[in-house]
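*Asks:* Chains as they are written, first to last, in our numbering: chain A, 1 to 169; chain B, 1 to 196.
Among these hints, one or two may not hold up.
[Claimed, not checked] Listed next, the in silico DSS-like pairs over lysine-lysine satisfying Cα-Cα at most 25 Å (straight line):
| hint | chain 1 | residue 1 | chain 2 | residue 2 |
| --- | --- | --- | --- | --- |
| 1 | B | 165 | B | 2 |
| 2 | B | 88 | B | 101 |
| 3 | B | 174 | A | 78 |
| 4 | A | 3 | B | 121 |
| 5 | A | 3 | B | 88 |
| 6 | B | 121 | B | 165 |
| 7 | B | 92 | B | 2 |
| 8 | A | 78 | B | 121 |
[Unchecked claim] Going by beta-carbon spacing under 10 Å, a handful of chain B positions derived as facing chain A:
| hint | residue |
| --- | --- |
| 9 | 174 |
| 10 | 176 |
| 11 | 181 |
| 12 | 187 |
| 13 | 192 |
No lab work stands behind these hints: they were computed from the structure.
Ideal Cβ positions, reconstructed from N, Cα and C, are used throughout, including at glycine.
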Amino acid sequence: MMKAKILVTGAFNAGKTTFIHSISEIQPVYTDKKMLDTEELTTVAMDFGRITIDDDLALYLFGTPGQERFDFMWEILKEDIIGFILLVDSVTPEIPTARKILDFLVSHSDVPFVIACTKRDHIHALPMETLSQQMRLDDVPVIPCVATERDSVKEVLLILLREILDRLS
Amino acid sequence: MKELITMAFRQVRGIREIFTPEEATPIFGNIMENLHEMLASQIADYLLIEGENGRFCARFSNNGWVGVTTDSDVSEVLIVAALERTAKFLDKHRQIKQKIKHFQHDIAELFLMQGIAASVKEMDLSVETDCLTGRIRVSARGGRSEAVRDLVSRFLDKQLPYFIKNKVTVVVEKQTLLERITRDQLIRIIRRVERL
Chain A
1 MMKAKILVTG AFNAGKTTFI HSISEIQPVY TDKKMLDTEE LTTVAMDFGR
51 ITIDDDLALY LFGTPGQERF DFMWEILKED IIGFILLVDS VTPEIPTARK
101 ILDFLVSHSD VPFVIACTKR DHIHALPMET LSQQMRLDDV PVIPCVATER
151 DSVKEVLLIL LREILDRLS
Chain B
1 MKELITMAFR QVRGIREIFT PEEATPIFGN IMENLHEMLA SQIADYLLIE
51 GENGRFCARF SNNGWVGVTT DSDVSEVLIV AALERTAKFL DKHRQIKQKI
101 KHFQHDIAEL FLMQGIAASV KEMDLSVETD CLTGRIRVSA RGGRSEAVRD
151 LVSRFLDKQL PYFIKNKVTV VVEKQTLLER ITRDQLIRII RRVERL
C-alpha cells in the first residue's frame, strides 16, 4: 500500500493538532501531555491523522511537536514526506522558530511546502501581508487558515497537493 | 587514441611512427584527406607506399584515418591486420562515445523491464582510451542498493568492448516517497480531499 506522508509543522501553539483533527477521517492519535506550569496540553511526540483514498493508497498526516525541546522528532518525522505544511500563528507568529523549522526541513528534504497562517478568525490576527513579509519567502504560497474549520484546512492541503503535482509534472 | 592504436599494433615489431588526424601536421592532414577522396573513388580503404627506408601504410575508416611507418622488413599482412584492428577499436570507441549519451534512458528502461523501483538521478561519464570512468547516481528503494548497483554494473559491462574497462562508480541512494508516488496516485488523493 502506498502511504503518502505529509508533515504538519510549526511553532508551539500554531494549531498543528487542531489542523490534523479537522481533516483526519480517523480519530487522530495524539501524544499530548499537560504542561507543568500552565496545565495546557502540548504534543510531545507527534500527531497522526489519516485519509484513506482506496485499498492501496492512503494519505497520512504527521504533526510535529511544537516545543523546541522535542525538536529531535523533526529528524524522525521528516523521513519520506512528499511535502509539508508550516503553520504560523497569525496572532503570535513566533517567526524565528518558524524560520528555524523551515530552514531545517528545507535543508534536509527537497519537497514542496506551503505556509498556512492559522487563527485568521482571531480578532488580533496580523494582516497576511505582514506575515508574508516576515517570513521573507517569495515563491512559496502563504495561505490564510482557520485550523478548526475543515474547509479551510482542506484548502491548504489541496494547495500543497497541487504544488506536489506540479513538481511531478 | 595513440594508446588504442598501440594496443592494436602490440604484436607488430618494427613500427616507427603512428599518425592520427589529431597528431599529424595540417599539411599531412590535407594530403591524407585528398588520398581518402582518391581511394574512395577507387573503393579502396587502405594504402601502402614502399620506399628504400621503409613502408608507409594508412587505413581510412568512417572519415578518419590512421597511418603508420614501419621498417621495410615488416610484413604487409601484419600491418594491414593491425590497421584493421585499429579501425575496429576506433569505431567501437566512437560508438561507445555515442552510446553513453543514451545510457540514462537505457538504464531507466532496464529498471522498468525488471520491475525495479529505481531511477537514474545523475550521470557523468567519459570514455578514456581503455576505460569508461565517471559516476552514476541512482535512487532506489531501501534494501535494494546492492541489487541495483549490480544490475547497473552488469549493464555497463555488457555495453563495453573488451578493451574498454568499466571503472564507473555507481552510487545508490535511498529513493524518497516523492520519487515513488505517481501522478495518477496524486490525482486520486486530490480528488479524495476535494470530496471531503
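*Asks:* Run through the hints listed earlier and report the numbers of any the structure violates, in increasing order.
*Replies:* 5
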